[in-house]
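Chemist: Listed below, chain by chain, are the residues.
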Amino acid sequence: MKFRIERDVLADAVAWTARSLPVRPPVPVLAGMLIEAGDQLKLSSFDYEVSAQMTMDIDADEPGTALVSGRLLAEICRSLPAAPVEITTDGAKVTLKCGSAKFTLLTMPVEDYPSLPDMPPAAGTIGSDAFAAAVSQVAIAAGRDDTLPMLTGVRVEIEGETVTLASTDRYRLAVRTLRWKPERPDISAVALVPAKTLSDTAKSLTSGAEVSIALATGGTGEGMIGFEGGGRRTTTRLLDAEFVKYQSLWPKETSAVAEIQTGPFAEAVKRVGLVAEKNTPVRLSFRQDEVVLEAGSGDDAQAVEVLGASLDGQDIDIAFNPNFLLDGLSAIGSDVARLAMTTSTKPAVITGKPADEGDPDYRYLIMPIRLSS
Amino acid sequence: MSRKQQLHRPGPPPGPPGDDTGCTVLHVDMDAFFVSVELLERPELRGRPVVVGGAGPRGVVAAASYEARAFGVHSAMPMSRARRLCPQAAVLPPRHDRYAAVSAGVMEIFRSVTPLVEPLALDEAFLDVAGARRRLGRPAEIGRMIREQVVARQGITCSVGVASTKFVAKLASTRCKPDGLLVVPADEVVDFLHPLPVAALWGVGERTEESLRRLGLRTVGDLARTPVDTLRREVGDAVGRHLHDLSWGRDPRSVTASVPDKSIGAEETFDRDIADPEAIRRELLRLSDRVGARLRGSGQAGRTVAVKLRRSDFTTVTRARTLREPTDVAREVYATACALYEASGLEGVPLRLVGVRVENLVAAGTTPRQLALGEPETGWRQAEAAMDLAARRFGAGAVRPAALVRADRESDPRHGRETDVDR
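Chains as they are written, first to last, in our numbering: chain D, 1 to 373; chain C, 374 to 796.
The set of hints was computed from the structure by calculation and includes no laboratory data. Be careful, since some hints might not be right.
Under the rule of at most 30 Å between Cα atoms (straight-line distance), these lysine-lysine pairs were calculated in the DSBU-like manner [said to hold, decoys possible]:
| no. | chain 1 | residue 1 | chain 2 | residue 2 |
| --- | --- | --- | --- | --- |
| 1 | D | Lys181 | D | Lys203 |
| 2 | D | Lys42 | C | Lys635 |
| 3 | D | Lys252 | D | Lys353 |
| 4 | D | Lys346 | D | Lys278 |
| 5 | D | Lys181 | D | Lys196 |
| 6 | D | Lys252 | C | Lys681 |
Over 10 Å on every C-beta distance to chain C, these chain D residues come out as not near it, computed from the model [said to hold, decoys possible]:
| no. | residue |
| --- | --- |
| 7 | Glu6 |
| 8 | Asp39 |
| 9 | Asp57 |
| 10 | Thr168 |
| 11 | Arg172 |
| 12 | Thr177 |
| 13 | Val190 |
| 14 | Ser207 |
| 15 | Gly208 |
| 16 | Glu222 |
| 17 | Val244 |
| 18 | Pro347 |
| 19 | Met367 |
Every residue gets a Cβ at the ideal spot worked out from N, C-alpha and C, and that includes glycine.
All chains should be modelled from the sequences, with the hints used to inform the complete structure.
Modeler: Written out as structure tokens, the structure is:
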């Protein structure tokens with residue numbers, strides 16, 4: 001194997017591929033990054049859950065394949081001087097030359113490396129920036145407790161031209177709908193994707209204009225979802241768990257709808273929340289023209305702040321975990337936040353105030369904190 | 374327990390009682406409490422070796438009369454061993470409700486002296502009598518009065534240590550047992566402490582004693598003359614400083630009327646080891662139920678659930694998980710305890726003891742609670758509150774999980790040793 005490549009191109013490709021190297025490899029070869037050079041250069045990594053493969057056009061002088069320590073290769077590529085890189089195999093070693101620097105790396109047996117899972121059949125495409133934004137809006141509500149796997153995922157529902165993403169940690173629920181271009185107009189599929197992997201993946205695929213999503217609806221590649229864009233393709237094993245039936249959780253009625261400037265509201269929640277001890281709430285009292293934010297009680301430090309707000313409906317007192325509230329406010333992507341509430345113990349729904357009156361494409365449901373029984 | 378008892382030297386100390394000026398802390402300790410209470414109803418056993426404790430194969434001595442102690446029997450000793458040491462002893466099963474009733478009467482006497490009563494157990498308490506001197510006299514006088522009243526009203530004897538600090542008072546009461554009173558004058562504390570073995574100090578367990586012995590420190594005096602930095606290096610920062618302070622009689626802890634619970638727990642030693650995961654889970658349910666009832670009874674909720682699992686060879690595994698929200702619901706404690714048990718790798722392994730404990734306690738009523746999505750308005754918490762009401766009216770266990778009703782009917786290997794363990 002022998003090929004030359006630009007330093008920046010290589011560093012980018014290696015860094016992206018190295019993301020799915022296992023931290024503690026279950027078998028030694030999985031610590032490796034597979035380099036395949038021919039008409040194209042392919043870099044691959046796999047940890048049995050997530051696979052990543054980067055493909056780019058090169059012109060190899062001699063085609064060939066090698067398996068080297070991924071971690072080490074990534075660190076080396078990050079630190080190389082700005083000069084073209086030449087990679088050659090020399091028996092059981094790989095030599096990497098860049099400017100006046102030269103590295104010799106040990107190789108692992110290529111034949112021991114597992115073959116990467118097949119990409120499931122393509123289901124459709126979506127704008128990469130829009131997809132990354134939507135995933136980040138939803139992934140904030142996913143749980144991090146691995147003992148409840150169904151709460152650590154983002155549910156992806158595909159129904160014709162509509163994709164719905166949803167996640168919940170039992171205390172809040174974030175749902176985003178967006179349009180995409182399906183391969184077949186009558187496509188219908190669901191998948192539960194690990195939230196962390198999905199949000200990392202979506203962010204890392206914004207180099208291309210579009211992301212193609214591959215999802216099996218039975219047959220090959222079941223239990224797997226694939227993403228491809230800008231020469232990068234990655235597959236992830238799906239969570240095998242039942243997602244909460246969340247449609248019934250939306251409140252059927254609301255007794256008060258408040259509208260507040262998102263930025264100042266978030267700032268005030270942050271300030272007042274400074275005195276809220278762990279697991280204690282920020283209390284909100286909505287009146288006709290204002291909202292009073294309070295935190296802390298009894299012998300603890302206390303804070304209070306008043307903001308202008310418009311309220312349609314009855315006055316209401318309600319308390320929230322300040323971090324949950326801030327997550328929602330930061331995700332709505334709108335200058336005006338709209339809170340629809342029912343009672344102090346019923347879920348509230350946060351949305352951005354839409355430019356035109358229609359169903360908002362992002363809704364964040366948050367459970368209040370009950371002050372005392 | 375046994376080691377501490379070896380420190381005890383019976384009989385009142387020689388010489389007249391010392392100067393009690395400034396000695397405002399009293400430690401009152403009932404003499405062989407459980408046995409003394411039993412003897413009230415079994416006077417024919419007076420003067421004979423008597424042991425209170427579980428009679429089963431895994432029974433443990435809860436208390437021994439002084440006559441039985443002369444044979445080397447002491448509490449926390451396996452009953453089988455006690456029987457070998459003293460075959461002629463009368464073995465009585467423990468009746469905790471009786472002891473609790475007598476204890477309540479004794480504590481009432483203490484509280485008539487001072488509101489500053491800190492109970493350590495059913496049978497011992499610290500009293501701060503600084504505020505009672507004008508009304509009732511000098512501390513030694515008050516100690517004598519308490520001893521008379523306990524005998525007159527409850528028919529049992531106790532020993533009183535009088536000193537300027539809690540731990541010296543406790544040592545003093547141990548020293549003058551049974552039926553004694555000892556004043557350790559403030560200016561004789563060092564003379565009193567220094568000849569004692571290091572194990573006499575509060576906080577010196579077997580491990581610490583071992584570390585100290587490596588340094589050649591056998592008595593409290595040895596400890597006192599060792600530079601505090603050396604001690605800190607050997608036994609840890611906090612412990613080292615603490616022990617050094619104690620060795621010079623410095624103990625800043627004051628008598629506090631009610632010490633908030635740090636945890637509420639219950640554990641069970643089986644008569645025969647149990648390996649069946651179903652039976653272990655049933656036991657976890659029973660213990661969780663009891664812990665839940667006691668949490669709700671005391672108006673507390675806890676965030677951390679811990680289980681204790683002891684194998685046949687006494688190796689013990691403790692696993693804890695902190696929940697997102699504090700709970701006082703037995704169902705939630707049980708679910709967490711089961712998950713911990715399953716994750717412990719001891720499923721199917723024969724166990725001799727299991728325990729469930731809830732830590733990180735907060736006041737339940739005033740703690741804000743994060744509500745969860747789709748959570749029913751009324752759930753297990755309300756069901757368990759209803760169980761509490763039924764128990765109040767018809768007795769404990771009037772309503773209980775169906776899994777436990779069956780278990781009680783079968784001849785199951787429980788009823789070995791069952792203890793509530795609060796810290």
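Chemist: Does each hint fit the structure? Answer for all of them.
Modeler: Here is what the structure says about each hint:
Of the supplied pair hints, the one linking Lys181/D and Lys203/D holds, its CA atoms being roughly 20 Å apart against a limit of 30 Å. With a C-alpha separation of about 59 Å, the suggested pair Lys42/D and Lys635/C falls outside the 30 Å cut-off, and the hint is violated. Restraint check for Lys252/D and Lys353/D: the C-alpha separation of about 19 Å stays at or below 30 Å, so the hint holds. At roughly 22 Å between alpha-carbon atoms, Lys346/D and Lys278/D fall within 30 Å of each other, so this suggested pair holds.
Annotation: proposed proximity of Lys181/D to Lys196/D holds, straight-line Cα distance about 25 Å (limit 30 Å). For the hint pairing Lys252/D with Lys681/C, the CA-to-CA distance comes to about 46 Å; that exceeds 30 Å, so the pair is violated. Listed as outside the interface, Glu6/D is consistent with that label: its C-beta sits roughly 49 Å from the nearest C-beta of chain C, beyond the 10 Å cut-off. At the 10 Å boundary, the C-beta of Asp39/D stays outside the reach of chain C, the nearest C-beta of that chain being 50 Å off.
Every C-beta of chain C lies more than 10 Å from that of Asp57/D, the closest at about 49 Å, which supports listing it as non-interface. Distance check on Thr168/D: its Cβ comes as close as 6 Å (rounded) to a Cβ of chain C, failing to clear the 10 Å threshold; non-interface status is violated. Some Cβ of chain C comes within 10 Å of the Cβ of Arg172/D; the nearest lies about 8 Å off, and the non-interface call is violated. Look at Thr177/D: its CB is around 19 Å from the nearest CB on chain C, clear of 10 Å, so calling it non-interface holds up.
Even its closest Cβ contact with chain C, about 19 Å, leaves Val190/D beyond 10 Å, as expected for a residue assigned away from the interface. Against chain C, the non-interface label of Ser207/D holds: every CB pair exceeds 10 Å, the least being about 37 Å. The beta carbon of Gly208/D sits about 36 Å from the closest Cβ of chain C, which is more than 10 Å, so the claim that it is off the interface holds. Interface exclusion of Glu222/D from chain C stands, the closest Cβ pair being 29 Å apart, more than 10 Å.
Taking the minimum C-beta to C-beta distance to chain C, about 7 Å, the non-interface status of Val244/D is violated against the 10 Å cut. With a least CB separation of 7 Å from chain C, Pro347/D falls inside the 10 Å interface cut-off, contrary to its annotation. Against chain C, the non-interface label of Met367/D is violated: not every CB pair exceeds 10 Å, the least being about 4 Å.
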